[in-house]
Amino acid sequence: MPAGEALPDSQPSYVSSWIYVFGVLTLAALTVVLGSGIVLTLGGSDWWHASSVGHFVNSLHLWSVELFFMFMVIHLWGKFWMAAWRGRRTMTWVTGVVAFVASIGTAFTGYLSQSNFDSQWIGAEGKDGINAIGAGAFFNVLNPGQMLLWHVVLLPLVVGALTVIHILLVRRHGVVPPIDATEGD
Amino acid sequence: MTMTRPPSTPDAHDFSKRPYDLVKEFVIALTVVSLLTVVLAAVFSSPDEPAITMSAWAQADPADVVATATGELAGTTTSATYGAPYNHNADGQSVLGIPLQKMGGVRIPVDSAELVLQPLTDQVGDAALTDALTQWQSATPSQRTAWATAYADALAVAPDGDPAQAPAGEYGPVPNLTAAFLDVARSGYLEGSLTSSGNFYGGDQTRSLLLLSDGAYLEDRAVAQQLGGDQWGMMNETGNYPGQPWMWLYTFWYQVRPFSTSENADAQVWALMMLLTLALMFLPLIPGVRDIPRWVPVHRLIWRDYYRTHPRA
Ligand code: HEM
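Chains as they are written, first to last, in the numbering used here: chain A, 1 to 185; chain B, 1001 to 1313.
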């Protein structure tokens, strides 16, 4: 990374559109998801069913996840229409897609860890999809102990690491110039 | 290929700059998202419908509990005929002739008849039940299947599936076993017996969830809430909540042919989604698709300030 590029105080002048905000909004929503999730872990997996404070924290967690996905999908479409993978930024796009897929897996294990009716039904339905490709033998959606640990440890680590790499790549390459822009404009 | 090759993308550092405070941008974004989350959570809360208990199932739909137990003994339920990863009783699904399901192996062995027999065996002090179990254990496998199948047929024609109104027949100990099983379910003891057998801490619900989903009650409850597989249920959740809208494409395939009528739909939809995910991932390398944003001028809108000051030749 070029010196001073990690947190510069200026950007190329073409960086002027609302669409640029959605990457940062995704990151902010992820921060709220992690924060509310950490508060949920304090009380353990049964806490929020019985406590009104716990239930509110669960609501924070749910809605920050909905916002996270909404921002991420807008971000993804924005980057598509900007063809933001140009100029050796392919890995930025690839890490973004993998973060998207890992986030879907994290949300899925979250639903399975809730220990309520939704978990029962989503587990009963979801097992057929996972078993059909032979993965159910290793990733048992009917085992909430396993799902909870994936949800609170393994998958957040994956999403977090991908996000860090993704953003380092963005900073290293600088923001992609407009389509058809020429050198030194 | 040189014909369609776009001009190479210049370096971002060669362009004129404007002041931009990334830290301030993030702090503002975090504040806005936090506030938005608090408002949404306060206004809409979140769904938390309690899990179905076995005793609630037995209260609400006793005939379904008896029919399910009979099916487990007859070997006709979903779990009894599942295949990998629970048993060898079916080949499972495949894609393009590759038996993916079978290749995973039977790593979570489940004997569906034991879902009924094991909780019954745990009961002590009920002489009639002990006799029924002894009669079942000492019968040949084909005799057992004949009894259970005949009783399942009888329940199917009884009004409301009510065991009391089933026609008389050669059912051996099956009516006694399933009636005793209903009592165990009612007592609230069943999930404990199925989850924690052998372990004080029951963290794994595989067996109790398989039993519950072998019955009709769980699905009836789900369908009543628009959560069925053919109701886009995979992306919905209980109540009026957004659920998992990001699953729309995965869920979509189940609604259309050939998947909606295929026996291998689960495996096929998975394979298709993996293929599409790979395509999305490597989209920057796929000629044609990666050129769409060049042809459709959404970028003229995004960078309109830049294009206004830099008209193209
Ligand atoms: C965990 C989820 C994600 C987070 C937190 C995140 C965050 C960010 C941030 C903060 C930026 C810089 C600001 C901007 O241009 O918007 C960025 C840029 C970028 N993102 Fe993401 N992103 C995520 C997922 C994705 C996804 C799903 C894709 C697309 C498949 C993607 C593709 C890109 C690309 C190509 C850039 C570079 C843009 C450029 O050079 O102008 N990201 N991301």
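Quick caveat, the hints were computed from the structure, so don't treat them as lab data. Careful, some of the hints might be misleading.
Stated by the list, open to error - Reference excerpt, derived from the structure (chain B facing chain A, CB under 8 Å, subset only):
hint, residue
1, F1026
2, E1049
3, P1085
4, D1111
5, L1276
6, P1293
To be verified - Here are the simulated DMTMM-like cross-link-like pairs (lysine to aspartate or glutamate), alpha carbons at most 25 Å apart as the crow flies:
hint, chain 1, residue 1, chain 2, residue 2
7, A, K79, B, D1291
8, A, K79, B, D1014
9, B, K1102, B, D1204
10, B, K1017, A, D128
11, A, K79, B, E1114
12, B, K1102, B, E1263
13, A, K79, B, E1263
14, B, K1017, A, D9
15, B, K1024, A, D9
16, B, K1102, B, E1114
17, B, K1024, B, D1305
18, B, K1102, A, D9
19, B, K1102, B, D1091
20, A, K79, B, D1091
21, A, K79, B, D1204
22, A, K79, A, D180
23, A, K79, A, D9
24, B, K1017, B, D1204
Bear in mind that the values here come from a model prediction, so they are computed numbers and not experimental data. Cβ atoms here follow ideal geometry from the backbone N, Cα and C, with glycine treated the same way.
>> For K1017(B) and D9(A), compute the direct alpha-carbon distance and say whether it is at most 25 Å.
In response: Distance of about 10 Å is within 25 Å: holds.
> Is it true that the CA of K1102(B) sits at most 25 Å from the CA of D1091(B)?
Replying inline: holds, 6 Å
>> Hinted pair, alpha-carbon criterion (25 Å max): K1102(B), D9(A). Please report holds or violated.
In response: This hinted pair is violated, its Cα atoms lying about 57 Å apart.
> Taken at face value, is the distance from the CA of D128(A) to the CA of K1017(B) at most 25 Å?
Replying inline: Roughly 54 Å between the alpha carbons, so the hint for K1017(B) and D128(A) is violated.
> Is the Cα-Cα distance between K79(A) and E1263(B) 25 Å or less?
Replying inline: violated, 38 Å
> Hey, K79(A) versus D1291(B), does the alpha-carbon distance stay inside 25 Å?
Replying inline: holds, 13 Å
> If you draw a straight line from the CA of K1024(B) to the CA of D9(A), is it 25 Å or shorter?
Replying inline: Status holds; Cα separation ~10 Å.
>> Holds or violated: K79(A) and E1114(B), Cα atoms, limit 25 Å.
In response: It is violated: about 54 Å lies between the C-alpha atoms, which goes past 25 Å.
> Does the alpha-carbon distance linking K1102(B) and D1204(B) stay inside the 25 Å limit?
Replying inline: It holds: about 22 Å lies between the C-alpha atoms, which stays within 25 Å.
> Taking 25 Å as the top limit, are the C-alpha atoms of K1024(B) and D1305(B) close enough?
Replying inline: holds, 23 Å
> Hey, does the P1293(B) contact hint survive, CB to chain A under 8 Å?
Replying inline: P1293(B) check passes; min Cβ-Cβ to chain A is 4 Å, inside 8 Å.
> K1102(B) and E1114(B): Cα distance at most 25 Å?
Replying inline: holds, 22 Å
Violation of the numbered hints given earlier is confined to hints 4, 5, 10, 11, 13, 18, 20, 21, 24; the remaining hints are satisfied by the structure.
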